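Undergrad: Those protein sequences? They're chains A and B, same order as listed. The first sequence begins at 1 in this note's numbering and counts up by one. The second sequence begins at 687 in this note's numbering and counts up by one.
No lab work stands behind these hints: they were computed from the structure. Quick caveat, the model's predicted, so the values are computed rather than measured. Built from N, CA and C at the ideal position, the CB exists for glycine as well. Be aware that one or more of the hints could be misleading.
In silico SDA-like cross-links for lysine to any residue, where the CA-CA straight-line distance does not exceed 20 angstroms [to be verified]:
hint, chain 1, residue 1, chain 2, residue 2
1, A, Lys600, B, Ile767
2, B, Lys746, A, Ile597
3, A, Lys600, B, Glu907
4, A, Lys19, A, Ala678
5, A, Lys609, B, Leu744
6, B, Lys803, A, Arg18
7, A, Lys421, A, Ala453
8, A, Lys16, A, Gly68
9, A, Lys16, A, Phe6
10, A, Lys609, B, Ala769
11, A, Lys19, A, Glu89
12, B, Lys746, B, Asn891
13, B, Lys765, A, Tyr264
14, B, Lys765, A, Gln606
15, A, Lys600, B, Glu851
16, A, Lys600, B, Gln780
17, A, Lys266, B, Met808
18, A, Lys592, B, Ile762
19, A, Lys610, A, Val585
20, A, Lys84, A, Val135
21, B, Lys904, B, Asn891
22, A, Lys600, B, Ile762
23, A, Lys600, B, Leu744
24, B, Lys696, B, Lys707
25, A, Lys609, B, Met825
Not close to chain B: a few residues of chain A, all C-beta gaps over 12 angstroms, as computed [stated by the list, open to error]:
hint, residue
26, Val58
27, Met276
28, Ile363
29, Asp498
30, Ser503
31, His514
32, Val601
33, Met603
34, Ile659
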Amino acid sequence: MKGGLFARLALTNIRKNRKIYAPYIFACVGTVMMFYIIASLSYDPDVLNFYCGGSVSVILKLGSIVIGLFAVIFLFYTSSFLMKRRKTELGLYNVLGLGKRHIAGVLAWETIIVWAESTVLGLVSGLVFGKLAQVALLRMMGGGINYDFSISLKAIILTAALFAGIFGVIYVKSVIEIYRVNTIDLLYSSKKGEKKPRANYVLAVAGVASLAAGYYIALAVKNPLEAITFFFFAVILVIAGTYMCMISGSVALLSVLKKNNNYYYKTNHFISTSSMMFRMKKHGAGLASICILATMVLVMISSTACLYIGADKAIETNFPRDLEVTCRTFGSDGDTLHAVSEDIDRLIADALKDEQVKPAGEITYSLCDFYAKPEGTNFTCAAFNGNTDVTAVTVITADDYNRNFGKKALLDTDQVLVYGKGISYDKAVISFGEKKFKVAGNADDLVMCGEDAANMSDCLYIVTADEDVLLGIYHEMDKEAEITGFPRPGLAAYRAFDVTSGSGERILEPDRLHEIQDRIFTVKSDDYEGTYGKDSEHMGLDFSVRSRADSGDVYGLYGGLFFLGILLSILFMGAAVIIMYYKQVIEGYDDKDRFDIMQKVGMSRQEVKKTINSQVLTVFFIPLLGAGVHMAFAFPIIALMLRAFMISNTSLLMVITLISFAAFALFYVASYLITSRAYYKVVADR
Amino acid sequence: MTILEVSNVKKIYTTRFGGAKVQALSNVSFTVEEGEFVAIMGESGSGKTTLLNIIASLDKPTSGEVTLKGMTLSRIREKDIAAFRREHLGFVFQDFNLMDNFSVMDNIFLPLVLSGKKYPEMRERLKPIAEGLGISDIMKKYPYEISGGQKQRTAVARAVITNPELILADEPTGALDSKSADELLDIFRQINKSGQTILMVTHSNKAASKAGRVLFIKDGEVFHQLYRGTCTDEEMFSRISDTLTMVDAGIEAKRVREAENGGERQ
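Chain A with its partners taken away, still in its complex shape:
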């Protein structure tokens, strides 16, 4: 009998508190939906069966963990808003004779209703939008569309259970809160005097230091692989710094301003300084949360979009042709290079004949390559370390350059052309040990080896007059490497070509390409190795065949990452809007009284409106500003990390970042304007 009463009370409560309950339920539905979509996609057979589906599924599983954690924090946060607003009402129940046990009963019903409502609505919309998301994901991974509609029971159970758990914990927390305070406090809790904000200078300084350290890491790291590890440290430092700065730093700054009588007691500063102190004390944490969410959205969207959009271009440069064969020798000479070149041509011809395919669009050149550290105009031997201070240098001849790329470059023996990736060499001279050259210009239209294009180090191609000059550089660097103990330079034959069938059609199927690739490998090891490898023990050998068929993985993976980036961004932006909405409503209730008083002591309505408006505006645009600054400092380290994913196009990242920021700012302003209507409704309600 009592249960029925509680349930009815609970229902009326939710209906009566629509204004603050609706966004909460909306937030719950949204989180449930997102979680279900990600979880179901990570189990989706269509995704799993795709050729890079395994790794995408792992990414999605990680994504669902992120969303799960986020759901816990976010729902806790929003439910605490609710509780704060409702304490008076619950206190009234207490006074009217409902015991705390009964209030706990009403709360239990409320929790169950909200849980059931959001789980059902969330799952239904998850099922609807899940299919849409699946189609989008498969498209982004470069696959086709499947029109089957599937329901993942596993994901449904997981979702329902997770959110039952979260709501359970939230319920326990509110009950503990109810039991801990007495009735009077409950009744008057929303009217309790606001405590004076105290400037915590220690925390403020710590916040600034933490931010500075985070920024420093982001700027100081030079190695793409280290960047990934350090990025996490930087993120943690910046998050901590943002919270500390927004909570304490702002209050500290304002109280310094307040101590200056000449500044403080001015009509324009007086009211804004002291009320900003109260606002920042109250909303510092919320604003920091909005700022962090905004930064996360920007980082995720710009980096994953850059990966996805850059993938096309990256595949094109990382795999200039369907197949690439490189045979690199160490400690060798010109004669060996010629022998290797002949062998490799024969070997490829034989393999292709066996497979009954023909080469097309061939690129063939001999090269000398080594890692070097540029010091002014001089390049000295170095080892690959992933850092950007070491450059991969490749030397080719003008003959090869002209033949392959349709050029007519004529060079003297002391002249070279240069072509850089990641760096642009703009000095007039260049030297390798004793060998000094004049830079005669840029080697336009040069196509690098795919390996170099995918290299996270900077790459520099040097076009020399002829093979003698090339060998001259080779021997010079070899000598230097032997003395200094760095890896020795390589002398290599490079062949790249597309594969066509007998009738001249391109062969695009990854599996077929892999077969041909394997054939070249097998032929090599069985019949050819001896001719140049066996008898010369001092001579090292490195034989590799790369196939564009491997690029599918990259595409699918980047598509999956971008997809996850979009999904998480939507979720985070939604969360930011909900937090903003609650902040606006709370500000509204606070400002309502201030409005009246200020008018009574002699400010006109317009003046009051102006001061309050400008404060609210400042408060709400701090997070956007903060996100912009964070993003600016994060830019170099993001660019560096992308290199580890074979994208070294910094200008693309720049454009995408700016577009993302502009779009996000637009979204932010729009949601500010929409939520501020809630604010004005509260304030004008007199």
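Starting from the known structure of chain A, fit chain B onto it as the hints suggest.
TA: Below, chain B without anything else, positioned relative to chain A:
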């Protein structure tokens, strides 16, 4: 010299959707001389707060005029009205209306800062006022840290620091315990003695008994007024009580009369 003149003020509220009209003030006229301490008495709903809001230029009368020191309020331009209020009027409210994000000192400074006064001058003005009101040692505190009596004295300090022509007090003792209320009324009498004109709205006989003159409002009209003359507070108190009884009886008598008349007509 007449400082405030209220003549034939009428106020009718119309509900938003043009429905019922409520007459809050039907026809109020009176004057206040410089240096007077006037109390306006009336029950809830008698229209006394409406009257005060009109005098404070927070509300406009439907007809009639209010003149403060020769200036007709209805002729002041909308954008100047806030400055006018700030410079010529001081307010003391039942619920104090202190800003909780300002310290006591800053609350008192508020109107001066809004008028663009310099900090040294503000300090100069504050000192004697704060001492007179006995709040010098709570200047750095915040409103939630002090008692109701202290809050109201802070509000009085805020009202007098601009040297206004007229102080308007709306139920100033309403939220205070009797000791604090007595103290506040003593303060009012003190500042009145120093030449400050005060107009106080109240329904407390005790508060009204401290005034120099008491106006009684009933059903939107000035029904009666009492001058102190040479009376003591106690005598004044009993005269007020008598008057109130008379007012009630009078209304009762009127009602009976009307009922009889109505009966005759039928």
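Undergrad: Hint by hint, note whether the structure agrees.
TA: Status of each hint after checking the structure:
1. A:Lys600 / B:Ile767: 11 angstroms, holds
2. B:Lys746 / A:Ile597: 19 angstroms, holds
3. A:Lys600 / B:Glu907: Measuring from Cα to Cα gives roughly 25 angstroms; hence the hint is violated.
4. A:Lys19 / A:Ala678: Holds: A:Lys19 and A:Ala678 sit about 9 angstroms apart, inside 20 angstroms.
5. A:Lys609 / B:Leu744: 17 angstroms, holds
6. B:Lys803 / A:Arg18: Roughly 47 angstroms between the alpha carbons, so the hint for B:Lys803 and A:Arg18 is violated.
7. A:Lys421 / A:Ala453: 7 angstroms, holds
8. A:Lys16 / A:Gly68: 30 angstroms, violated
9. A:Lys16 / A:Phe6: 15 angstroms, holds
10. A:Lys609 / B:Ala769: Holds, because 16 angstroms separates the two Cα atoms, which is no more than 20 angstroms.
11. A:Lys19 / A:Glu89: The hint holds at about 15 angstroms.
12. B:Lys746 / B:Asn891: With Cα atoms ~29 angstroms apart, B:Lys746 and B:Asn891 exceed 20 angstroms; violated.
13. B:Lys765 / A:Tyr264: Measuring from Cα to Cα gives roughly 25 angstroms; hence the hint is violated.
14. B:Lys765 / A:Gln606: 9 angstroms, holds
15. A:Lys600 / B:Glu851: 16 angstroms, holds
16. A:Lys600 / B:Gln780: Holds, at roughly 13 angstroms.
17. A:Lys266 / B:Met808: Status holds; Cα separation ~12 angstroms.
18. A:Lys592 / B:Ile762: 27 angstroms, violated
19. A:Lys610 / A:Val585: Roughly 18 angstroms separates the two Cα atoms, so the pair holds.
20. A:Lys84 / A:Val135: 42 angstroms, violated
21. B:Lys904 / B:Asn891: 15 angstroms, holds
22. A:Lys600 / B:Ile762: At roughly 17 angstroms apart (the allowed maximum being 20 angstroms), B:Ile762 and A:Lys600 satisfy the hint.
23. A:Lys600 / B:Leu744: Holds, because 8 angstroms separates the two Cα atoms, which is no more than 20 angstroms.
24. B:Lys696 / B:Lys707: With Cα atoms ~13 angstroms apart, B:Lys696 and B:Lys707 stay inside 20 angstroms; holds.
25. A:Lys609 / B:Met825: The hint is violated at about 28 angstroms.
26. Val58: Nearest chain B Cβ is 52 angstroms from A:Val58, so the label holds.
27. Met276: 9 angstroms, violated
28. Ile363: 73 angstroms, holds
29. Asp498: The claim holds: A:Asp498 sits with its nearest Cβ about 73 angstroms from chain B, beyond 12 angstroms.
30. Ser503: 83 angstroms, holds
31. His514: 71 angstroms, holds
32. Val601: At roughly 6 angstroms from the nearest Cβ of chain B, A:Val601 sits no farther out than 12 angstroms, so the non-interface label is violated.
33. Met603: About 6 angstroms separates A:Met603 from the closest Cβ of chain B, which leaves it inside 12 angstroms; violated.
34. Ile659: 41 angstroms, holds
Against the hints set out earlier in the document, violations occur for numbers 3, 6, 8, 12, 13, 18, 20, 25, 27, 32 and 33.
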